[in-house]
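**Student:** Listed below, chain by chain, are the residues.
2 protein chains.
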Amino acid sequence: MKQDGLFVRLSAHRLFAGMSEEDFSRALIMLDAHRRAYARGEYLHRMGEPLSAFGMVLLGTVQVYSDDPDGRGMMMANVAEGGSFGESLAFLAVPRAPVHILTTTGCEVLWLRTASLRTPSSDPFVFLLRDRFTAMLATRTLEMNDRIQILSKLTLRDKLTTFFTEWERRTGSRTFTVPFDRAALSDYLGTNRTALSRELSNMQNEGLIEYYKNSFKLLC
Amino acid sequence: MKQDGLFVRLSAHRLFAGMSEEDFSRALIMLDAHRRAYARGEYLHRMGEPLSAFGMVLLGTVQVYSDDPDGRGMMMANVAEGGSFGESLAFLAVPRAPVHILTTTGCEVLWLRTASLRTPSSDPFVFLLRDRFTAMLATRTLEMNDRIQILSKLTLRDKLTTFFTEWERRTGSRTFTVPFDRAALSDYLGTNRTALSRELSNMQNEGLIEYYKNSFKLLC
DNA sequence: CCTCTTCTGTTGCAAATGCAACCTTTTTTC
DNA sequence: GAAAAAAGGTTGCATTTGCAACAGAAGAGG
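Line by line, the protein sequences give chains G and L. Okay, so the first sequence: first residue is 1 according to our numbering, each after it adds one. Okay, so the second sequence: first residue is 1 according to our numbering, each after it adds one.
Hints in this document: simulated from the structure, not taken from any laboratory. Here a beta-carbon is modelled for each residue, glycine too, at the ideal position from N, C-alpha and C. Some hints here could point you the wrong way.
[Unchecked claim] Covered by chain G, according to a simulated footprint, are these stretches of chain L (three or more residues, beta-carbon under 8 Å): (1) 34-47; (2) 88-97; (3) 124-133; (4) 137-147; (5) 150-159; (6) 186-196.
Sequences are here, hints too, so could you generate the full structure?
**Tutor:** Here it is, written out as structure tokens:
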């Protein structure tokens, strides 16, 4: 596999942080990395099939969706550049993944297999990789806690303020651009697109925020 | 530490499944296990402090709560007998845990430290334990996905049917008892206690379910 | 057995919001 | 650059549901 620029782009990722370029290459080999480009709207994975590897987004944005029995789609995760998805399903080798995964933009994805992480080995490097992977999962559960906190709020206004506060904390700025369009954001918040538009309008009229497209500025 | 009965009670847990009693004892030593009893309503952990170990509930039920900035408590997890909590916070050694943990009944908890899981070692047994622990985390993220699905539903009726369907799947029966009282259940579903009571009544009147206390029977 | 506490259910009301219908703006495609 | 498609906004209306207040039932402790 060509590794052009991969080291530069991924050396900050928590899975590879602090590795030398040699170790990084070694990690990619161990994880049987392969790289693939996808068009906008293309499926990376279909529900009901096993996920043989987890993905790391090199370019673009992918979304993890779960279909309700009644067909209403539900976004489980929105993964931007540098993010990853499917770690748990791949690690556990779940035979029928309960989600489908698709792109919202043109994308490039690095697929990584977890098989070598589960094979006993006394190699300290394997140990390191496994430790990093476990830490990734632990971090993921903390992130999901954040989402659960938002979804647990009873009013849309509360959801939005929690969401904004989180992004302020995450970006360290009161102005930020989120990787969601309105429909995706309403999914993420567990609400309705038009209700979301309405509430954003209200908040702008009340002087709490300003926004243009997906860029928001907190005025509070 | 006394291990009376622990092997019998925990040998089915995914962390220890399939281990001989000797290996089990060895695991407890490696994880620096210690056992402690708590009274109903007692705090196992207070928000803002580091969690030096994760817990496994031997007896009773504990709840993980997160306080809103505005003080409204929010239940993040309800952990019944055989369940565990705090794995991510302990593994990552988060300096100030964002939750508090308390009992809802008299409880007995087995505390387990993750330090040995992070220390490089070529011991195959360490490898096994780490693998189990990682699988625990992966399973946890899948469970949280289920909760997120429930919380993402727009109506209380939808939340309840999803919740019931999940318990039907989990227990394999259309009659089951959940470890939540009404207040806890309303927290879990992200709604209001009285609204929950109302909707349960409605569903019973419509002949969809029957219930007595925390036991539910699906009639659909 | 009695008291006190906790849990659960009911109801009226006001506020929130899902939904449908429709329009405007932006983006994509050819 | 025109046409088509996608995204975003607005509004009215009906439904949902959060909230408060209260009452009955069950449980705990003496």
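**Student:** Please write out, lowest number first, the hints stated earlier that are contradicted by the structure.
**Tutor:** The structure conflicts with hint 1 only, although it agrees with all the remaining ones.
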